[in-house]
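Asks: Okay, here's what each chain looks like letter by letter:
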Amino acid sequence: MDDIYIEKVLSGDREAFRYFLKEYKDMAFSVTMSVVKDEYIAQEVVQDAFVKAFNALKSFNRQSKFSTWFYRIVVNEALTRLKKIKKEIISFNADYEAYIPDDSFLASLKEEEQTYLINEALKKLIPNESLALRLFYLQEESIKEVCEITGWSESNTKVTLHRARKNMHVVLSDLMKSEFNY
Amino acid sequence: MERSKDRFSVLMQKGKLEMPFSDFEENTMNRIHAEMKYKTSIHRSLRISFIFFVLGTGFGLVVNSMLANADDFIMGISPDTILMAFQVIFVLTVIMQSENIYKLFTKLKAD
Chain R
1 MDDIYIEKVL
11 SGDREAFRYF
21 LKEYKDMAFS
31 VTMSVVKDEY
41 IAQEVVQDAF
51 VKAFNALKSF
61 NRQSKFSTWF
71 YRIVVNEALT
81 RLKKIKKEII
91 SFNADYEAYI
101 PDDSFLASLK
111 EEEQTYLINE
121 ALKKLIPNES
131 LALRLFYLQE
141 ESIKEVCEIT
151 GWSESNTKVT
161 LHRARKNMHV
171 VLSDLMKSEF
181 NY
Chain E
1 MERSKDRFSV
11 LMQKGKLEMP
21 FSDFEENTMN
31 RIHAEMKYKT
41 SIHRSLRISF
51 IFFVLGTGFG
61 LVVNSMLANA
71 DDFIMGISPD
81 TILMAFQVIF
91 VLTVIMQSEN
101 IYKLFTKLKA
111 D
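Heads up: the protein sequence lines correspond to chains R and E, in order.
Sequential numbering of the first sequence, starting at 1, is according to my numbering.
Sequential numbering of the second sequence, starting at 1, is according to my numbering.
Hints were generated in silico from the structure; no laboratory data involved.
Treat the hints loosely; a few may be bogus.
[As the list claims (entries may be wrong)] Calculated lysine-lysine pairs in the DSBU-like style (CA-CA distance at most 35 Å, straight line):
| hint | chain 1 | residue 1 | chain 2 | residue 2 |
| --- | --- | --- | --- | --- |
| 1 | R | K83 | E | K103 |
| 2 | E | K109 | R | K37 |
| 3 | R | K158 | E | K37 |
| 4 | E | K16 | R | K83 |
| 5 | E | K107 | R | K84 |
| 6 | R | K158 | E | K103 |
| 7 | E | K37 | R | K58 |
| 8 | R | K158 | R | K144 |
| 9 | R | K22 | R | K52 |
| 10 | R | K58 | E | K103 |
| 11 | E | K39 | R | K83 |
| 12 | E | K14 | R | K123 |
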């Protein structure tokens, strides 16, 4: 499907680019939020990434999936913006001895409470870790594709994912304690 | 262990966010259209400036050869001095205009 719309855009039908906006805006927003942690900045970054992708579409060589190529642009834009704003992101220092919660409590919560907790926890993780989790679990990219999007080595990606999973559990535990007195 | 991983995977699916700004699509498309319009106008300016650059250079060369063949003093200034002054101004103008056109080209490429 992507290929059809790429051809349309390249042949001069600018409006055909709407397809990519509809298809990828939410995931691009999720990925950007992992890095910049602010909705308004994330919106700007995603818009910049879409405009960049539109301008660079003719250089897309189709050796990888369109989504992989596009998310790479999104991640680069987000990291560049992060450097620019030099926003102080309070990094979460994991206490590996911390109690890791039983998922069953989380599973017993209402759907919207779970969604709230997961997104709050992802906000508290450092950009690299929340980015790795969102790409790997949400987009269901393979390790190889996560490497391609982020530019990290395979071992680095695996280590980041492992740390991210552990930290996610610890952050969730803290949140459940503070929000639900678990 | 596997079950716990699966549960984690299911939980992570809830981490997908939706773009909260309803006008995002429209704004982005408007920006794309505006940028394309701007690019088209730059292309046109570049073409016009290139044509005038070539015409101006040609005209300068004609004036230069006319001055080189002139024998009469103009307002009491010798033809050699006028030719020298003209050549200096001509070369400087050509260099400056070439630089401007080159900058416009690279800007267009970068955009």
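Asks: Are K37/E and K58/R close enough, with their CA atoms no more than 35 Å apart?
Replies: Roughly 18 Å between the alpha carbons, so the hint for K37/E and K58/R holds.
Asks: Can you confirm whether the C-alpha distance between K83/R and K103/E stays at or below 35 Å?
Replies: holds, 28 Å
Asks: Between the alpha carbons of K16/E and K83/R, is the straight-line distance 35 Å or under?
Replies: holds, 24 Å
Asks: Below or equal to 35 Å on CA atoms is what counts here, so check K39/E against K83/R.
Replies: Since the Cα atoms of K39/E and K83/R sit roughly 29 Å apart, the hinted pair holds (cutoff 35 Å).
Asks: Does the alpha-carbon distance linking K158/R and K37/E stay inside the 35 Å limit?
Replies: Distance of about 45 Å is beyond 35 Å: violated.
Asks: Is the hinted pair K109/E and K37/R satisfied, with a Cα-Cα distance of at most 35 Å?
Replies: holds, 33 Å
Asks: Hint check: K22/R vs K52/R, CA-CA at most 35 Å. Holds or violated?
Replies: holds, 16 Å
Asks: Starting from K58/R, check that the Cα of K103/E is at most 35 Å away, please.
Replies: holds, 23 Å
Asks: What's the verdict on K158/R and K144/R, does the C-alpha distance respect the 35 Å limit or exceed it?
Replies: Cα-Cα ~10 Å, so holds.
Asks: Please work out if K158/R and K103/E have their alpha carbons no farther apart than 35 Å.
Replies: violated, 45 Å
Asks: What's the verdict on K14/E and K123/R, does the C-alpha distance respect the 35 Å limit or exceed it?
Replies: Judged against 35 Å, a Cα distance of about 13 Å means the pair holds.
Asks: Starting from K107/E, check that the Cα of K84/R is at most 35 Å away, please.
Replies: holds, 22 Å
In the structure shown, a violation is registered for the earlier hints numbered 3 and 6, in ascending order.
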